[in-house]
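Protein sequence lines correspond, in order, to chains A and B. 202 is the number that the UniProt record's numbering gives to position 202 of the first sequence; each next residue is one higher, with no gaps. 173 is the number that the UniProt record's numbering gives to position 173 of the second sequence; each next residue is one higher, with no gaps.
What the hints contain is simulated information worked out from the structure, not anything from laboratory work. From a predicted model like this one, the values you see are computed outputs, not experimental measurements. Quick reminder that beta carbons are idealized off the backbone N, C-alpha and C, glycines included. Among the clues, some could well be false.
What follows is a set of in silico ranges between Cβ atoms, one per label pair, in the way DEER data are often shown [as the list claims (entries may be wrong)]:
| # | chain 1 | residue 1 | chain 2 | residue 2 | range |
| --- | --- | --- | --- | --- | --- |
| 1 | A | F246 | B | M341 | 21 to 29 Å |
| 2 | B | S116 | A | Q104 | 46 to 54 Å |
| 3 | A | R242 | B | N77 | 18 to 26 Å |
| 4 | B | T289 | A | I227 | 33 to 41 Å |
| 5 | B | R345 | A | D40 | 55 to 63 Å |
| 6 | B | R319 | A | L77 | 50 to 58 Å |
| 7 | A | F46 | B | K265 | 42 to 50 Å |
| 8 | A | N47 | B | F290 | 42 to 50 Å |
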Amino acid sequence: MPFNVVEDASTGSDSDYSSTWISWFLSSKGNEYFCEVDEDFILDRFNLTGLNNEVANYSQALDLITDSLDEDIQDELRGSLDVQARLLYGLIHARWIVTARGLQKMLEKYKRADFGRCPRVLCASQPLLPVGLTDIPYEKSVKLYCGRCEDLYSPKSSRHGSIDGAYFGTTFPHLLFLVYPTLLPSKDPETSMHVTGKETNTLGDSRNRRRLREEPEAVTEGGGEGISTASVAMKAERYRPRIYGFQINEIAKLQRWQEAVRDRQIARLEALEEKNP
Amino acid sequence: MSSRQASVSDPRPPEDEEHIDGAGEGDEVMEEVEMQEEGYTSSTPTSTLTWISWFCSLPGHEYFCEVTEDFIEDDFNLTGLNTMVPFWKEAMEMVLDVEPEDEDTSKIPDVSIVESSAEMLYGLVHQRYILTRAGLQAMVSQVSFSTTSSVPFHIHVHFFYLDGTSANPLNFPSQLLFYQQAEKYESGVFGSCPRVYCVGCNVVPCGRVDIPGNDTVKLYCPNCNDIYVPPSSRFQGVDGAFFGTTFPHLFFQTYREWAPAPFWKALTTGGSPLSPRSPGTQPAPRQPTFVNPNQHGGQKRAAGYVYVPRIYGFKVSERAKSGPRMQWVRLRPESPEELDMVDWRGRWINEEDEYDDDEEEEEEDRQMEDFDPVGFV
Chain A
1 MPFNVVEDAS TGSDSDYSST WISWFLSSKG NEYFCEVDED FILDRFNLTG
51 LNNEVANYSQ ALDLITDSLD EDIQDELRGS LDVQARLLYG LIHARWIVTA
101 RGLQKMLEKY KRADFGRCPR VLCASQPLLP VGLTDIPYEK SVKLYCGRCE
151 DLYSPKSSRH GSIDGAYFGT TFPHLLFLVY PTLLPSKDPE TSMHVTGKET
201 NTLGDSRNRR RLREEPEAVT EGGGEGISTA SVAMKAERYR PRIYGFQINE
251 IAKLQRWQEA VRDRQIARLE ALEEKNP
Chain B
1 MSSRQASVSD PRPPEDEEHI DGAGEGDEVM EEVEMQEEGY TSSTPTSTLT
51 WISWFCSLPG HEYFCEVTED FIEDDFNLTG LNTMVPFWKE AMEMVLDVEP
101 EDEDTSKIPD VSIVESSAEM LYGLVHQRYI LTRAGLQAMV SQVSFSTTSS
151 VPFHIHVHFF YLDGTSANPL NFPSQLLFYQ QAEKYESGVF GSCPRVYCVG
201 CNVVPCGRVD IPGNDTVKLY CPNCNDIYVP PSSRFQGVDG AFFGTTFPHL
251 FFQTYREWAP APFWKALTTG GSPLSPRSPG TQPAPRQPTF VNPNQHGGQK
301 RAAGYVYVPR IYGFKVSERA KSGPRMQWVR LRPESPEELD MVDWRGRWIN
351 EEDEYDDDEE EEEEDRQMED FDPVGFV
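Only chain B is shown next, with the shape it has when bound in the complex:
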């Protein structure tokens, strides 16, 4: 039984799970907080807190990073946005905490309109900012990939953000802020992939369109290359355009060591797929270091198991009407060379040679077979 030990535990790292669940469970509570905050909005944020850090600390805004003021102040970065945001000047003043020059507020019907403009402005600037070097860095610092470097920085500050009220990062020196955000990610602010066989791979926020007002924020998993609905309903009010379609991919292009490689071979050790090889990141000591021959490709060992449905321990045949039809979506070839066997139109090169029914079946069997040694007993 002790050898089974590994397979007993859940695939997801316990911390992550707890935090995500915390988010899920806490929904009602969080919403209440939000309501209070909503009423709060009308009054200007307290003097010690800038509008930006206040905004980023609101419940549901955990995915945002703080855009630096010089980025917003550079007009070039805002090109084209003034046509999308009503009450541009007032919104700018609000975001940058500038006292209005003229006290002529009569033309603004309601301060809440300016607030929504400010929110829109900040979101659109945020979409651009996170694609810059500084912005990617700011998001990275929220993304801890549990590599060694971030380990010493587990200071206990994440609850600042999770309760959404007391965050005031500006009271801290900027160095500390960085570590706080590292902790912020680690505490599951972006969360991990809900798919079981992604083994808790960290996700990043993204949008499905770059135009605001179309869709809410989604989460992209680099392991399955798929997008998911955030687990907590408090993100359903966050516009996906504020993160944009490009961000996750530019992010993983920039930080290749966190992008899983597109091929995968089962380890011959015969361990269970769900053995806690840590959240799919650090290779266990016994494994050789992982290298993708494509140096521009993903440099992390993928979590490549694909679920195989079984009835009383027997695989459901693909010949059954209810047989597996979607395994291809998650499948990876065993070696990078196999990827080259398909041309740019998506057809097999040398179809005649390759396409051999028996061989194919055997191949797929091999790939999926050895990952459930537990099976049905």
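The shape of chain A in the complex, shown without the other chains:
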């Protein structure tokens, strides 16, 4: 295709030969969070319902993504078209990653820890998943969700910190764990999904150990029926601030309250499990 020849010449520094716009986009720096959207998904107009209102020059942007853009337009429109094509690809991406195949592709990236690892020390470098705070473009940048502490973190690098969160959507990580419950990370900081050679944890809280009920679920895909997650929170360890070895009144009090809230939730969930085993 003539267009690609031009594209390659203009980005001559790229070492890897990019055959399509999508693979060029995915290989450019800062786009590491994105996965490849299948061409059939893009070509099915049903999947793109409503996006023509979000993207200016929608049809040309779509042509650019699918490498079917006419040669002659490209000079005058190129700059703005590229922006629109990225927006369009991002919005399609948000829809794609909540499909079965999209989830699988993101799962591979998750297993490679392409989205980075949780900065929380007691999460033992748990791989993260991208998430948006809103599904509307141009509002919030992408955040990273940790399945272990169930909290959100900002990406370390500004390259990723400037990606629109709507390109991943608010649903994705939660749907992933809903679909693959066996992949739910253990809350125990000593078990790490990936071999990372972590230092042993010295902040062990013996109170938590006492109430452990279940061993960390072996990560076997597909067999997620029997697992119970009612009391997993007991395994989670937490940092306890200390001055010369002594806990601090106000913080310790807050932590006791938080743990009482946790225990109440566990009691609630266990009662529920007994009712409907």
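Given chain A, put chain B in place with the hints provided.
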């Protein structure tokens, strides 16, 4: 849309983000610098630069403050350290820039051994120094909490430290040095909490153990009471014991106005959680001044939002296997009185009265509900 304006911007203060990112991005570059510095180590630092200020200016040593020489010279402050540091005398001489008295260097096999001893010595003294009044003050001056007092002092000197090469604070009068360090913190030397709903709360360095050689330096966030791995890999060579387990907490005990209170109530204004209420520090003018009835407690309004996972706009139920299990870690009660409803063993007082399933659920809903008015559209 203009009313939404507030929610559009990112929660973290742009300056902070830039600096942290700068640190993250610059990793490779910084490491190269470090390599050069490493080779440099063997030669004595130039005459205008003391060993201490040279040490504190090395890449990866941005968290250190300069320990005063009289603190090191007072033997009482060093009690017990001589058993932990080999080549004690030589290390002391190096740290204090004292010319060796006798030229008998034959018993020292390699100058690099003395250097690592000096580093260990300085680190251990540093751990003690930052717990003193002067040391806390020195670290405070690195911690700007963007309150009014530090605002006039935004002199543009932080790059001195960030490039790690040209810092020579001793050329400046000590007053100026103080302001430099204030700027140093503000420019993100300690950085801010990576957790989104801590809204850029400033963090301080800490260790997980006080014995050297166990773990690297971590960052403590007073808002979520949790510890984080520094964003840049150049801190992975810095021993956490050189900051110690006590420092962050003594720090926030000493400066209560910067410690977030343990309770939190959503503002009724219905603003988005990420509206830039500034980096969680200054209350916006319309808010009443924040007071913690416990005068020994944290005196800053906390950033208390807790993330609620949603699928297609619906909250994930806790009844789902993948439902939320960890929100308690970040949760705060709405009022300080609620904290007293749990006894010292961590049990609810008057469980029967309190524990009412429906009420509880309703309560939690209320607490978490109104913070994402944007939701799913």
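Hints, one by one, checked against the model:
1. A/F246 - B/M341: 21 to 29 Å: Hint holds: Cβ distance 24 Å, inside 21 to 29 Å.
2. B/S116 - A/Q104: 46 to 54 Å: Given range 46 to 54 Å: holds, Cβ gap about 50 Å.
3. A/R242 - B/N77: 18 to 26 Å: 22 Å Cβ-Cβ, so the 18 to 26 Å window holds.
4. B/T289 - A/I227: 33 to 41 Å: violated, 49 Å
5. B/R345 - A/D40: 55 to 63 Å: holds, 60 Å
6. B/R319 - A/L77: 50 to 58 Å: Since the Cβ atoms of B/R319 and A/L77 sit about 51 Å apart, the hinted range of 50 to 58 Å holds.
7. A/F46 - B/K265: 42 to 50 Å: holds, 46 Å
8. A/N47 - B/F290: 42 to 50 Å: For A/N47 and B/F290 the Cβ distance comes to about 49 Å; the hint holds.
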